[in-house]
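Start from chain A and add chain B according to the hints.
In the order they appear, the protein sequences are chains A and B.
According to our numbering, the stretch in the first sequence is residues 247 to 579, in order.
According to our numbering, the stretch in the second sequence is residues 247 to 579, in order.
FYI, nobody ran anything at the bench for these hints, they're computed from the structure.
You can take every hint at face value.
The list treats identical chains as interchangeable, and a pair is accepted whether it falls inside one copy or across any two copies.
List of simulated lysine-lysine pairs, DSSO-like, C-alpha gap at most 27 Å:
1) Lys534 <-> Lys549
2) Lys574 <-> Lys384
3) Lys435 <-> Lys534
Protein chains: 2
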Amino acid sequence: MSTPRVAIAMDWGGTWTRVAVINQQGETLWQTREPNPQGSSKEEYLRNAESLLDTAIQQAGGSVAGIGAALAGPIEPTTGTFYQPPNLPVLDGVSFKSLWEKRFSLPVWVGNDANLAALGEYQFGAGKESADNGRPVKTLFYVTVSTGVGGGLVDNGSVFLGANGLTAEVGHTLVDSSDSALSCNCGSKGCLEAMASGTGIERIARAKLASGAHPGSTLAELDEDQIDSEAVFDAAGNGDALAISILDGAVAALAIGLTNIVHLFNPDMIVLGGGVTDGLVKLDLLSKIHQQILDRTMSELHKEFQFTSARLGDSVGLAGAAALVWAKLEQQS
Amino acid sequence: MSTPRVAIAMDWGGTWTRVAVINQQGETLWQTREPNPQGSSKEEYLRNAESLLDTAIQQAGGSVAGIGAALAGPIEPTTGTFYQPPNLPVLDGVSFKSLWEKRFSLPVWVGNDANLAALGEYQFGAGKESADNGRPVKTLFYVTVSTGVGGGLVDNGSVFLGANGLTAEVGHTLVDSSDSALSCNCGSKGCLEAMASGTGIERIARAKLASGAHPGSTLAELDEDQIDSEAVFDAAGNGDALAISILDGAVAALAIGLTNIVHLFNPDMIVLGGGVTDGLVKLDLLSKIHQQILDRTMSELHKEFQFTSARLGDSVGLAGAAALVWAKLEQQS
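Next up, chain A with everything else stripped away, as it sits in the complex (with noise of 0.2 Å):
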């Protein structure tokens, strides 16, 4: 018997459901997204997602060795259960891993997705990039800053998933212990997704032109709906005093998140992804959080970090799916 050759990999958000056929090199060979049928049941939600399984698996032409499925929201890793997922709320309850084995009789692993996209770093991105120059990464904190924050770890080649799969939501610590933190969507105030994220951004550049104490920023220029992170971005680019400082703002938030980390978990590489740290990049800032991160490090062996941004872009989600098959596999063998 040959060995199978294509995992089939999928990646559920809140918006697209993207499906894709990856070999074991992480090299994608076929993929193809939909949008989520927005407002309709569960049924038709999961009738969606199955039909573009149907279809990558038709793709991979008969050697699938198994599906992967990074999944937008808390998930219990060894049912595969989804549990109140915020962007995904009709899909409450659903255990996909049994649902998925018996409907198309193959091995199901799911898990979520800022868990899987750092799995899906350390394999087949910034971590392989390492390794392959001969640095290979024992621990791999991954952190998505886009519409909010998130945070995957890998060690020893696995997800660390604490007792329920709930781990590295680095988004939801605190960084600002003043009486006038931020509140944050989860109902705590302080926290780094409050002050970093595409969001946090956004609503701080609001309020500060609200407060009309910037009249000569070129954000009190755009209407209202044109206040966003982007813009936020692009102001800073043209040297716009107000942007420039609420990005310091989410630097610095940044920092300290990510400080913490370092002491907690000791990672040996930190990974920036999403479309705020696109942003960050830009603007030559990633250079200025790391210095800020190693200025507050309290040893200089938990300094020994490599400090770089994602490789793997908007399909992350997807290669770790196909990364995590691949590793239950092997560990299986």
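Chain B only, in chain A's frame:
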């Protein structure tokens, strides 16, 4: 050949060196301790420790499975090399594993004392108690709140070591981001250790008394050299408002630091040990910390952790060192 029955355990702190003979059930069959030869040479320190190990091996009577040592400071876990230990600086760079395997002709494993305390509580303390009651623990975070604040994480029965063994340094996570945040021994400021450790509580009390703003406090009646964390706990127990407010600050700081732990490690058990914890338990402040964590926690599933005080007291380091021996031998078998 009969199975070896006992482990030799060592707990080498800044002041004392303890050794014990411990069986697979975690029972201490024999133990002793000696003060470190303060101010003397590396050779003298090593001679003292090795003589204690010789005595322990004699006491064990021939059926020794291995030596486990819990050392106060950063340790490279593979070679067991001490790395700039702040409380045992003369031992910087000593590779205990190879040194003692040659010296004693026994397998040797060493680890950081806070990491091994976590393993001790997992295997022989609060974790074992929970497992015996039908609720096995998967992910245990141990915090020692003592002269300093340290931590350790056990996941699936193994200590989480990260890249260099320098994990779970919860004492040096940020809990106060204000400009007036207290400076910490690590060089940073606003760390949990500066707010909640024994030395932190003492420093805060001295500063508040020196400000002259609390003439009515019973602490103001003490000589300066009597002001320490124990005096603060005693005064708080007698209803002293200043002492109560200082401990409220420590409680709030611990709740912030441990909420970060919950969101990052998703533990199903948090265990607090150390002398300051004893004081917190006496004043029933552990439940207050627990409640403040629950108030801040982002999801219901994150709230599913047991929160308890350590079972093993002063012997937690020895228990953890013995647990390391049994865990390593099991991994090899």
